[in-house]
Amino acid sequence: MNFDAKFAAKKFNSVGTRPVRPDGVDKVTGRARYGADFNMPGQLAGAVLRSPHAHAKIKKIDVSKAEKLKGVKAVITADDLPDLTDGDSGLYNILDNCMARGRALYDGHAVAAVAAIDARTAREALKRIKVTYQVLPHVTDVDEAVAPGAPLVHEDVFTSGIDPRPKKPSNVAKRSEYGHGDVEKGFKQADFIVERRYRTEQTHQGYIEPHACVASFNADGTADMWVCTQGHFVFRQTCADLLGIDVSKLRVTSSEIGGGFGGKTHVWIEPVALALSRKAGRPVKLVMPREDVFRASGPTSATSIDVRICARKDGTITAAQADLRYSCGPYRDMWAELGAMTSFACYDLANVKSVGHEVLVNRPKTAAYRAPSAPMAAFAVESAIDELAHEIGMDPVEFRIKNAAKEGTKSSYGPVYGPIGIGPTLDAARDHPHMAAALGKNQGRGMACGFWFNFGGQTCTDLNIGLDGTVTLAVGTVDVGGARASLSLVAAEELGISYDEVKAVVADTSTLGYNDMTDGSRGTFSSSMATISAARNAIGVMKERAAAMWDIPVEDVVWEDGHAKATGAGHGNLPPLSLKEIAAAAPKTGGPIAGHSELVADGAGVSFATHICDVEVDPDTGATKVLRYTVIQDAGKAVHPDYVEGQYQGGAAQGIGWALNEEYIYGKDGRLQNPGFLDYRIPVCSDLPMIDTQILEIPNPNHPYGVRGVGETSIVPPLAAIANAVSNAVGVRLAHIPMSPPRILAALDTKKKD
Amino acid sequence: MVEVTLWGSVGSAAGGNKQVEVEAKNIRELFAKLAAEYPGLEPLIDNGIAVAIDGVIYRDTWSKELPEDAEIVLLPRLAGG
Amino acid sequence: MTAIAVSTTINGDDIEVLCQTEETLLDVLRDRLGLTGAKEGCGTGDCGACSVIVDGRLVCACLVLGAEAEGRRIETIEGMAKGDELHPLQSSFLEHAALQCGVCTPGFLIAAKDLLERNPDPSEEEIRFALAGNLCRCTGYDKIVRAVQDAATVMKGG
Numbered sequence: 001m002n003f004d005a006k007f008a009a010k011k012f013n014s015v016g017t018r019p020v021r022p023d024g025v026d027k028v029t030g031r032a033r034y035g036a037d038f039n040m041p042g043q044l045a046g047a048v049l050r051s052p053h054a055h056a057k058i059k060k061i062d063v064s065k066a067e068k069l070k071g072v073k074a075v076i077t078a079d080d081l082p083d084l085t086d087g088d089s090g091l092y093n094i095l096d097n098c099m100a101r102g103r104a105l106y107d108g109h110a111v112a113a114v115a116a117i118d119a120r121t122a123r124e125a126l127k128r129i130k131v132t133y134q135v136l137p138h139v140t141d142v143d144e145a146v147a148p149g150a151p152l153v154h155e156d157v158f159t160s161g162i163d164p165r166p167k168k169p170s171n172v173a174k175r176s177e178y179g180h181g182d183v184e185k186g187f188k189q190a191d192f193i194v195e196r197r198y199r200t201e202q203t204h205q206g207y208i209e210p211h212a213c214v215a216s217f218n219a220d221g222t223a224d225m226w227v228c229t230q231g232h233f234v235f236r237q238t239c240a241d242l243l244g245i246d247v248s249k250l251r252v253t254s255s256e257i258g259g260g261f262g263g264k265t266h267v268w269i270e271p272v273a274l275a276l277s278r279k280a281g282r283p284v285k286l287v288m289p290r291e292d293v294f295r296a297s298g299p300t301s302a303t304s305i306d307v308r309i310c311a312r313k314d315g316t317i318t319a320a321q322a323d324l325r326y327s328c329g330p331y332r333d334m335w336a337e338l339g340a341m342t343s344f345a346c347y348d349l350a351n352v353k354s355v356g357h358e359v360l361v362n363r364p365k366t367a368a369y370r371a372p373s374a375p376m377a378a379f380a381v382e383s384a385i386d387e388l389a390h391e392i393g394m395d396p397v398e399f400r401i402k403n404a405a406k407e408g409t410k411s412s413y414g415p416v417y418g419p420i421g422i423g424p425t426l427d428a429a430r431d432h433p434h435m436a437a438a439l440g441k442n443q444g445r446g447m448a449c450g451f452w453f454n455f456g457g458q459t460c461t462d463l464n465i466g467l468d469g470t471v472t473l474a475v476g477t478v479d480v481g482g483a484r485a486s487l488s489l490v491a492a493e494e495l496g497i498s499y500d501e502v503k504a505v506v507a508d509t510s511t512l513g514y515n516d517m518t519d520g521s522r523g524t525f526s527s528s529m530a531t532i533s534a535a536r537n538a539i540g541v542m543k544e545r546a547a548a549m550w551d552i553p554v555e556d557v558v559w560e561d562g563h564a565k566a567t568g569a570g571h572g573n574l575p576p577l578s579l580k581e582i583a584a585a586a587p588k589t590g591g592p593i594a595g596h597s598e599l600v601a602d603g604a605g606v607s608f609a610t611h612i613c614d615v616e617v618d619p620d621t622g623a624t625k626v627l628r629y630t631v632i633q634d635a636g637k638a639v640h641p642d643y644v645e646g647q648y649q650g651g652a653a654q655g656i657g658w659a660l661n662e663e664y665i666y667g668k669d670g671r672l673q674n675p676g677f678l679d680y681r682i683p684v685c686s687d688l689p690m691i692d693t694q695i696l697e698i699p700n701p702n703h704p705y706g707v708r709g710v711g712e713t714s715i716v717p718p719l720a721a722i723a724n725a726v727s728n729a730v731g732v733r734l735a736h737i738p739m740s741p742p743r744i745l746a747a748l749d750t751k752k753k754d
Numbered sequence: 001m002v003e004v005t006l007w008g009s010v011g012s013a014a015g016g017n018k019q020v021e022v023e024a025k026n027i028r029e030l031f032a033k034l035a036a037e038y039p040g041l042e043p044l045i046d047n048g049i050a051v052a053i054d055g056v057i058y059r060d061t062w063s064k065e066l067p068e069d070a071e072i073v074l075l076p077r078l079a080g081g
Numbered sequence: 001m002t003a004i005a006v007s008t009t010i011n012g013d014d015i016e017v018l019c020q021t022e023e024t025l026l027d028v029l030r031d032r033l034g035l036t037g038a039k040e041g042c043g044t045g046d047c048g049a050c051s052v053i054v055d056g057r058l059v060c061a062c063l064v065l066g067a068e069a070e071g072r073r074i075e076t077i078e079g080m081a082k083g084d085e086l087h088p089l090q091s092s093f094l095e096h097a098a099l100q101c102g103v104c105t106p107g108f109l110i111a112a113k114d115l116l117e118r119n120p121d122p123s124e125e126e127i128r129f130a131l132a133g134n135l136c137r138c139t140g141y142d143k144i145v146r147a148v149q150d151a152a153t154v155m156k157g158g
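Protein sequences, first through last, are from chains A, B and C. Take 1 as the starting number for the first sequence in the working numbering and just add one per residue. Take 1 as the starting number for the second sequence in the working numbering and just add one per residue. Take 1 as the starting number for the third sequence in the working numbering and just add one per residue.
Derived by calculation from the structure, the hints in this document are not laboratory data. Treat the numbers as computed from the prediction; the structure is a model and nothing was measured. The beta-carbon is built from N, C-alpha and C at its ideal position, and this holds for glycine as well. Please note that the accuracy of each hint is not assured.
Looking from chain A toward chain C, a few residues come up when the C-beta cut is under 7 angstroms (computed) [to be verified]:
1) 12
2) 16
3) 20
4) 24
5) 27
6) 29
7) 78
8) 92
9) 94
10) 208
11) 331
12) 642
13) 646
14) 674
15) 684
16) 688
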């Protein structure tokens, strides 16, 4: 595809406006269909049996009594999901997580599943399955897991990334190191040092819609699945691989999605539903109860991070070092590595070193949560930066401005930065009216920066022009928060027509080419790039049609304001042809008019944000009230400003919950004690103030409209911004997230004793 | 000629963090030469790796041209949420 | 296993439906009557995504038994618009972009409707506390509160 993705400044007519979204009426009337809102004729009710033990050998599963129960049509265990992974360890881990193969690795690990004629029978069938467990020692805490003598999650894991390879197995699956310069030398040059351990507890993405799917495995070897997902093409590939189906024979339709934030980028119950349907010979609807969502989908890492940063008295940071331990659940992944990469990304450092350790624990498999691994590292580093500024006697914003990365800085994770936005967001924060608001008793202000990579990826769109000149845009990136509106604006902009004449839909896996998931802040970025490409291709076709209608060479036709115009000598009398007129003549001039695009969107560009918040802490109860919150982030170009603001506000709210209340609480028995929204407390409406947003627009040179990804970065600064605000309010440094009332009261007690 | 930094888990797979010079016009050539020199990189390259060219992170698209004297950093394939 | 016959009124229509003893009103609405606007987010009354009005009272449908609908008047999101005329709250949510994924939106609309019927001129604090029983994970509630404030003004004739 010869598509030039370079930014070209232009005056926008549609992009940057705020129309009502095309899927809006369905959503406010209850007509929109989410994962559990779909049914197939003859469908069965599915249910999953889960291990009550944090770690146990599965000696035997006796399903005979369940199979005999009237109304039960299929019972499956790992035996019904043969290993087709052919040495692909990542795929094998997915298979094992969907249904335990011989060993339950966490409280909630699936061990069997049933399909029955109704929910009551399915529940009864689960009770009749007899599992014989041999309970094994478990470990759930990230620091306990790395201590010598810790129970091993796997007996055969030897830390990779260490040379020579360790002789003894451990729970540290991988070590990765980033940085440059000489930190020891840097520490010797400093006048002030801050050194501290920070901890963050495990949290969940907390989407309100539980995982749900309806799967139908047909007698001819084809299969259909309706599912809420962030990536139906990825789900199709994974399910096809695990069940041994040809990819083209499995048709996956993405429902509307009720939140994902990374938690719906992995399969959890979908292969199980397909396996049940295959065995039962009927469609199976499988919905995860809320308790199962907490116990057995994909929460974040819990972390323990040691940070050492030092600076000269003029405020120049001379060295920065972080040692990070991230829990990954029972299967290794790259969470610690991402933490190590993002730790110091905001700063221009001569000497920096970050080392990540991926730690196995008997907890559910860790999945991505909006800028995965970055919020925890930012919490540790931005807290230390604040402490250091305080030691030196410098204003925290000025201290960051002095050390901020800029174009030409060698980043701590390797590449040299091109033009980036951290300077502008810090300047905007320094000058923001929020900084001038008065603070009262028990109140404190905090600020922090955050960084995230954004992605591009494989993207297809189809743009079809109807006989009446209205446009259907089929995209393959799942719409998690209003992207159909943004993409319609982009199509309207490029074609020169009005937003109301474009209708965007999300296609299924059989009606569009492969699309990567909606993750990595890539939905609007990638699909808008493909939409522009498809629109330009359609314009190319329309110029040819106009040339044919006028009987002039196509080189003499230009496209302007939604019309084909004849240029050049002798054509001055030809009135412009509108898109509508060209569309109406299509049957005679060559048939249907369309533009397609299949590309790898790239150059998404990294993204920076600065947040400011004010809190008030009640010294008697330890409760924290957020008084004021401001998000400043660079969007490149805000296609639909309402939805960009929405991403900023939503990410901030999740970060606030993470900072103040949310955590997974495990008992000594290794069981999750709070798998529900009552005791896993996410922010409610009365917890938050209005969240102010400031959208900076520094165009991304690698996108025609300058668009950058925006969805994730806003969750990175809040943990530290709140921690800095609370620490300032109470006069004690809080280093353990969440800063729930008991932790704050304990810190206040310690301060009283000093 | 481009300068390639192999860092983090990519560096470990190549026997330790390092910086090397490679003669390559596009990503495909780059991968072929690196895999030949450092066989430990092959599985990472097969599974997907991110390529930062002069500071901008790209996917591993084979045809992507590498500008002369570009600074290349190979990074593990990133996950998002 | 004898199903219970329930006679009830839903959005003004007289309905007869069979349900099992342990089925909730939410199960009946979604699985028996095809009214999937009310969502199951938790099944334990913590998230408010299943909010409906029963005899003029805001409840979580997951905490009401199907059998308890007997003889009662149920209002769901499907009855909020009048034909193709949206309720001012529905229009306001759209104009203010007060939804992202939209799964919590039906619950919020029902709860906000209940609030404005009881208190047509609520302060921001009153709105926030009245909606504290509805969880939203996407928006941070900012645009939701603004939408309710705007709808209140419209409904007062402003």
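For this structure, which hints from the list above don't hold up? The structure breaks hints 1, 2, 7, 8, 9, 11, 14; every other hint is satisfied.
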